[in-house]
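S.K.: In case you want the letters, here they are:
There are 4 protein chains.
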Amino acid sequence: MCRWLAYSGDEIFLEDLLFKPEHSLVEQSQHATEAKVATNGDGFGVGWYGQQEEPGLYREIMPAWNDCNLRHLARQIKSSHFFAHVRASTGTATSRANCHPFAYENWMGMHNGQVGGYEQLRRPLEAHISDCHYLNRMGTTDSEALFYMLFCLGLEENPVKAICRMVSTVETLQKEKEITAPFRCTMAITDGKRLFSLRHASDSYAPSLYWQKQEGRLVVVSEPLSVDRTGWNKVPESHVLISEGSEVLDIVSIQ
Amino acid sequence: MCRWLAYSGDEIFLEDLLFKPEHSLVEQSQHATEAKVATNGDGFGVGWYGQQEEPGLYREIMPAWNDCNLRHLARQIKSSHFFAHVRASTGTATSRANCHPFAYENWMGMHNGQVGGYEQLRRPLEAHISDCHYLNRMGTTDSEALFYMLFCLGLEENPVKAICRMVSTVETLQKEKEITAPFRCTMAITDGKRLFSLRHASDSYAPSLYWQKQEGRLVVVSEPLSVDRTGWNKVPESHVLISEGSEVLDIVSIQ
Amino acid sequence: MCRWLAYSGDEIFLEDLLFKPEHSLVEQSQHATEAKVATNGDGFGVGWYGQQEEPGLYREIMPAWNDCNLRHLARQIKSSHFFAHVRASTGTATSRANCHPFAYENWMGMHNGQVGGYEQLRRPLEAHISDCHYLNRMGTTDSEALFYMLFCLGLEENPVKAICRMVSTVETLQKEKEITAPFRCTMAITDGKRLFSLRHASDSYAPSLYWQKQEGRLVVVSEPLSVDRTGWNKVPESHVLISEGSEVLDIVSIQ
Amino acid sequence: MCRWLAYSGDEIFLEDLLFKPEHSLVEQSQHATEAKVATNGDGFGVGWYGQQEEPGLYREIMPAWNDCNLRHLARQIKSSHFFAHVRASTGTATSRANCHPFAYENWMGMHNGQVGGYEQLRRPLEAHISDCHYLNRMGTTDSEALFYMLFCLGLEENPVKAICRMVSTVETLQKEKEITAPFRCTMAITDGKRLFSLRHASDSYAPSLYWQKQEGRLVVVSEPLSVDRTGWNKVPESHVLISEGSEVLDIVSIQ
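Protein chains in written order, with full-length UniProt numbering: chain A, 1 to 255; chain B, 1 to 255; chain C, 1 to 255; chain D, 1 to 255.
Treat the hints as calculated values from the structure; they're not laboratory data.
None of these values were measured; they are calculated from a predicted model.
Possibly wrong hints are sitting among the right ones.
In this list, chains with the same sequence are indistinguishable; a pair is considered to hold if it fits within one copy or across any two.
[To be verified] Using 30 Å as the maximum straight-line C-alpha spacing, the simulated DSS-like pairs for lysine-lysine come out as follows: (1) K20 / K78; (2) K161 / K177; (3) K78 / K177; (4) K161 / K20; (5) K193 / K234; (6) K193 / K213; (7) K234 / K36; (8) K177 / K234; (9) K78 / K193; (10) K177 / K193; (11) K193 / K175; (12) K213 / K175.
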């Protein structure tokens with residue numbers, strides 16, 4: 001299980017969300033309160049849209065809390081749309097390629113959760129990645145496999161539909177293999193403009209996911225950045241929050 | 001604050017203490033129970049006596065819990081005398097040079113605790129390191145400074161006396177600088193044969209330190225390796241436990 | 001292209017071959033003379049048989065020449081059978097999982113060379129890995145794929161036959177995809193006892209591979225460890241050198 | 001010996017100098033042509049002025065040529081004033097703290113060369129660092145010591161005079177200790193506006209240093225970024241090139 005954060009809206013420094021809030025994402029890397037484990041120390045990553053059409057990535061295998069480079073970058077880099085992720089491995093190795101977010105052209109994605117029975121499902125899931133995207137499969141996580149599967153399932157044409165298909169593909173495979181361990185996930189996907197934030201579980205224990213809208217700013221995050229929960233809304237289970245900039249466009253059921 | 005472990009006695013695999021016990025040192029790297037912080041993820045190290053007069057060292061900046069090399073080494077390396085340490089930084093950087101243990105010729109040392117006011121004391125403490133040992137000062141921690149200071153204070157002639165002098169040197173410097181933050185520490189020092197395990201605080205809150213003697217085996221450790229505390233003895237505050245192989249030779253007051 | 005070394009015979013320290021010879025493997029990591037590139041700085045690894053049936057592994061993403069842990073381990077670890085490898089990436093990332101050697105149970109393998117057109121062949125090559133071995137596929141290199149393919153091709157029953165089949169599988173796939181870039185490789189495979197050292201190219205430019213037999217010691221290596229080449233024999237192209245301990249059992253053609 | 005680059009002028013992407021030129025700094029990390037060693041693989045760093053008064057830093061222990069984060073950052077970050085450095089250690093460890101550039105408030109510095117007899121001089125050199133700057137001494141290199149010494153020698157009041165004093169301090173100490181190994185260095189120092197580029201040696205073998213002025217751009221660099229040397233000027237030995245933005249203000253002798 002991991003913790004993540006997606007931001008859209010007015011241009012801000014990454015540190016404004018990664019370091020400054022009382023329960024900032026970097027604070028969550030050591031002291032998460034709504035996850036199975038408090039420590040998310042198996043690498044981290046940030047991805048931001050800035051000067052290029054494709055996002056920039058900085059992913060590292062050290063814990064976020066003691067990476068001096070992250071502190072510098074978060075203080076210098078301004079963005080109107082960025083992702084950040086702190087990782088708690090559910091079994092796969094700590095390598096940069098296994099750190100989120102993942103990026104392909106102008107697209108970016110990140111994930112929290114677990115595909116039950118992934119050891120048995122890795123190969124069938126990878127079979128749903130097209131040859132052209134398989135070249136970019138650099139790690140071994142379920143998260144990265146889900147990201148590249150989406151393209152094959154029509155992400156570029158209809159993101160919500162692709163997300164629905166991804167969920168049903170995973171659950172169908174689990175049934176075929178008679179896997180009873182659940183599929184639980186939150187996921188953020190963006191084309192650089194619109195943001196799709198999924199919260200789902202095959203049982204009824206979806207990982208937590210919140211959003212907060214403030215003047216010119218939208219934050220979607222595994223755990224609220226403040227202890228006071230005023231203004232933080234839960235994304236309903238099995239729904240996708242669709243937003244653009246700081247505007248929530250829709251919250252749609254995937255079922 | 002950190003967690004450490006020192007072993008002497010019959011030759012065993014490092015994994016027998018680092019991974020196998022229910023509250024093993026690697027388990028303590030994520031879930032310490034008697035430290036200020038539960039997570040000791042700012043690097044780690046092992047040092048062992050084996051085929052050479054000087055110890056071997058393996059120190060790494062990743063958390064111990066997700067380092068696959070450590071798992072391999074702990075499974076292959078057997079030793080009758082070794083140290084292991086998981087680090088929670090009290091401010092200094094995460095680098096190999098700041099990871100414990102430290103070694104010089106046949107000597108090895110490691111530390112848990114904090115020198116109150118270290119920012120002001122770093123330089124005066126380093127002034128107590130001789131030129132020849134200063135060449136081996138590779139990091140910036142208080143721990144490493146204390147280790148090299150000991151040589152100047154007569155470690156090779158009389159280790160207990162050197163330890164006493166080290167403690168009083170630190171506390172004298174703190175008084176001179178009017179530092180009220182305490183000096184709290186546990187420390188293990190060995191010449192490859194005898195082991196000196198210090199527990200001390202300038203106030204009365206010394207970090208925890210336990211020892212356990214079993215048939216042919218002596219373990220000194222920040223926290224017991226089992227949940228059941230039977231057979232685990234506390235090292236008294238301001239005392240040095242002196243041992244050789246699996247035998248406790250003495251427990252002496254440093255005051 | 002990379003540089004590697006395999007040793008069998010009397011128990012020696014790893015440093016005796018990794019650091020001490022004038023053109024040691026670590027020296028070759030900076031100044032290789034028979035490779036396309038002089039620098040092999042994209043990670044390294046050692047694997048050795050010691051206290052367990054399966055080998056120990058130490059793989060790291062830093063260059064071998066500046067890794068202080070390697071220096072320590074090579075000075076402490078004695079083995080009668082070990083592999084060492086310094087890596088120059090031909091495109092894939094620098095991660096521990098992409099560093100050689102690879103190990104599975106009592107087996108170990110490492111590789112130098114390149115599968116021409118690997119970008120197109122990665123997926124079809126992986127299709128030759130059985131489900132059970134695919135779980136251990138942790139990286140993205142051609143080298144690791146070739147290693148796990150071997151098991152599917154009968155490695156455990158007849159290693160030389162498996163190696164022949166691996167070569168012909170690769171070359172058949174290259175033909176099918178109309179890839180004209182060659183398949184060039186040297187590879188060392190062992191079950192912990194016998195050593196199989198392949199030198200091959202689909203054109204006639206196989207990477208260099210030498211062996212030297214001395215009293216109680218056999219070394220197979222990409223480049224001789226001494227400037228003086230006396231006593232260093234070339235493994236013929238498209239042949240496998242079969243050895244056990246310090247004895248060469250056979251040198252067989254794979255065609 | 002290392003290779004470095006300093007840029008001032010119109011805002012450009014870091015990649016325009018780090019990756020794109022035929023003999024770019026990253027290319028020089030593997031294939032330097034005017035240095036004692038061709039490989040500068042012992043870490044690297046970039047420092048740039050952007051959104052804050054103090055520079056941002058990204059320093060890493062991997063070789064520059066295989067760091068995917070650097071590629072991303074260099075493609076996203078634009079700056080009108082930045083430093084970049086690829087390191088070949090002359091003995092000290094590969095750690096982030098030993099990577100250049102070094103930064104203090106709005107100041108930044110980097111270095112190439114060697115203080116002959118540094119093992120003997122480390123301590124006396126450090127004695128020239130004020131207490132307040134000593135807190136920021138995080139590594140063990142001569143380079144970082146020289147940088148912090150400069151503040152004590154009046155850097156903030158008169159940079160050229162401080163540089164002269166630094167040189168004479170080093171050379172005086174060398175004489176006192178009867179060290180015959182030379183002091184050779186190039187160094188870049190900036191307050192974020194003006195750039196001071198020193199080339200000096202105590203014998204007559206100063207490391208190479210070039211500058212090139214083009215429309216709106218000034219580059220100072222260890223080796224020209226192109227094979228064609230047209231437009232590249234050598235900084236004379238024992239001189240400091242003083243520039244601001246793309247303008248060369250003066251080239252002054254330090255003797």
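S.K.: Work down the list of hints and note, for each, if the structure agrees.
M.R.: Hints versus structure:
1. Both within a single protomer and between protomers do K20 and K78 lie at most 30 Å apart by alpha-carbon distance, with minima of 14 Å and 25 Å respectively.
2. Proximity of K161 and K177 under a CA criterion of 30 Å is satisfied intra-copy only: 24 Å inside one chain copy versus 34 Å between copies.
3. In this homomeric assembly, K78 and K177 never come within 30 Å of each other (Cα to Cα): the closest approach is 46 Å inside a single copy and 42 Å across copies.
4. In this assembly of identical chains, the alpha carbons of K161 and K20 never lie at most 30 Å apart, being 36 Å within a copy and 40 Å across copies at closest.
5. In this homomeric assembly, K193 and K234 come within 30 Å of each other (Cα to Cα) only inside a single copy, at 22 Å, whereas the closest approach across copies is 48 Å.
6. Taking the shortest alpha-carbon separations for K193 and K213, only the intra-copy value of 17 Å comes in at or below 30 Å, while the best inter-copy value is 40 Å.
7. For the homomeric pair K234 and K36, the shortest alpha-carbon distance inside one copy (18 Å) is at most 30 Å, but the shortest distance between copies (33 Å) is not.
8. Proximity of K177 and K234 under a CA criterion of 30 Å is satisfied in neither setting, with 32 Å inside one chain copy and 51 Å between copies.
9. In this assembly of identical chains, the alpha carbons of K78 and K193 lie at most 30 Å apart whether taken from the same copy (16 Å) or from different copies (22 Å).
10. Proximity of K177 and K193 under a CA criterion of 30 Å is satisfied in neither setting, with 37 Å inside one chain copy and 38 Å between copies.
11. Taking the shortest alpha-carbon separations for K193 and K175, neither the intra-copy value of 35 Å nor the inter-copy value of 43 Å comes in at or below 30 Å.
12. In this assembly of identical chains, K213 and K175 lie within 30 Å of each other by CA distance neither inside one copy nor across copies; the values are 38 Å within and 52 Å between.
Of the numbered hints given earlier, the model fails hints 3, 4, 8, 10, 11 and 12; all others are met.
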